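Participant: Sequence:
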Amino acid sequence: MSTPAVSRREFLTTTGLATAGALAGCATGDDLSAGIIDTHTHFYDPTRPQGVPWPSKDDPTLYRPVLPAEYIAMARPHGVTGTVVVEASAWVEDNQWILDIAEREPFIVGFVGHLTPGTPEFAGQLARFARNPLYRGIRIGGDLVQQALRDAGTRDDLRRLADRGLALDVLAGPDQLPAVATLADTLRSLTIVVDHVGNVPVTAGPHPKAWVSGLAACHYTPNVVMKISGLVEGSGRRDGKAPTDPGFYRPVLDVVWNIFGEDRLLYASNWPVSDLFASYATVQRITQDYVSGKGPTAAAKVFRKNAQRVYRCVRR
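The working numbering runs 70 ahead of the 1-based position in the sequence shown.
In short, the hints are calculated from the structure, not lab data. Any given hint might turn out to be false.
In the SDA-like style, the derived pairs of lysine to any residue whose C-alpha atoms are separated by at most 20 Å in a straight line are [claimed, not checked]:
(1) LYS311 with ARG355
(2) LYS279 with TYR290
(3) LYS311 with LEU346
(4) LYS311 with ALA274
(5) LYS279 with ASN328
(6) LYS311 with LYS364
(7) LYS127 with ARG308
(8) LYS279 with ARG320
(9) LYS311 with PRO130
(10) LYS279 with LEU241
(11) LYS127 with TRP161
(12) LYS279 with ASP245
(13) LYS364 with PRO316
(14) LYS364 with GLY331
(15) LYS364 with ARG308
(16) LYS311 with LYS279
(17) LYS127 with PRO116
(18) LYS279 with GLY304
(19) LYS279 with LEU323
(20) LYS364 with ARG320
(21) LYS279 with ASP324
(22) LYS127 with SER159
(23) LYS364 with ASN328
(24) LYS279 with ARG220
(25) LYS311 with THR273
(26) LYS364 with GLY317
(27) LYS364 with GLY304
(28) LYS311 with ASP129
(29) LYS127 with ALA160
(30) LYS364 with ASP333
(31) LYS279 with PRO321
On a predicted model such as this, the values are computed, not experimentally measured, just so you know.
Please model the entire structure based on the sequences and the hints provided.
Facilitator: Right under this line is the structure:
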């Protein structure tokens, strides 16, 4: 039996978009008025005395203050009522900088920070930041995934995340996905979130074999979930020239949906990086167009409920 498609009106009602003024934050249970949770945004401010390690001054689109007020004004009309912020800095004290912003801004429902597992400082740093209930995990690159498979100390640090109910975001390329699956199988109590559909190039040609086989390996490790993000970036067409037709991205979305399904996918924008390629409205419409065809239950999961479960975020 095929899944009924969701009309625009049904989608708005199911995900809470029709009540954009609803309470921000991670709702619990079946509260459909809570709206959309965008699970991947970045905030930073190059005008601080210390500056920022990223982005580069050579990037006029990104090198500017990027703070919650701008994002909220843009995202709220699209039914977003909360966001999980992901680190944009390797500086330890920038974990606190974001947490301080989040204390003043209830639209932020969680923060995935930056700490380096496998270092002597990790345990103490994690204990410090995890005292704040908004601290919902850390993000690492694919190189540290490989390190964790080789080094028991790094694995022990990742177990500390799991013991605290925190998630591990991973920024990995197609060739690194098998290692993600192996790590997930080794640390089954740790929730691993693969960012940006595994950073696959989004083209009209065949999918990279490494990406398809890597995702297939992740299918068998149920503690791996994936963000539907990075699609316009994967097109490689900067200056706002990414394709706006949702159908262009459907072949990639078919693969990730068939492997992860409605329970293991999260909506995410990757704003403001996405602005280099397409508008926020386009980014959301691509995912909405696809997921709405899977029915209202799937839409509620991908756009909100899975975020609540994966990041264990709490109502502010």
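Participant: Flag every earlier hint the structure violates by its number, smallest first.
Facilitator: 6, 15, 16, 24 and 27
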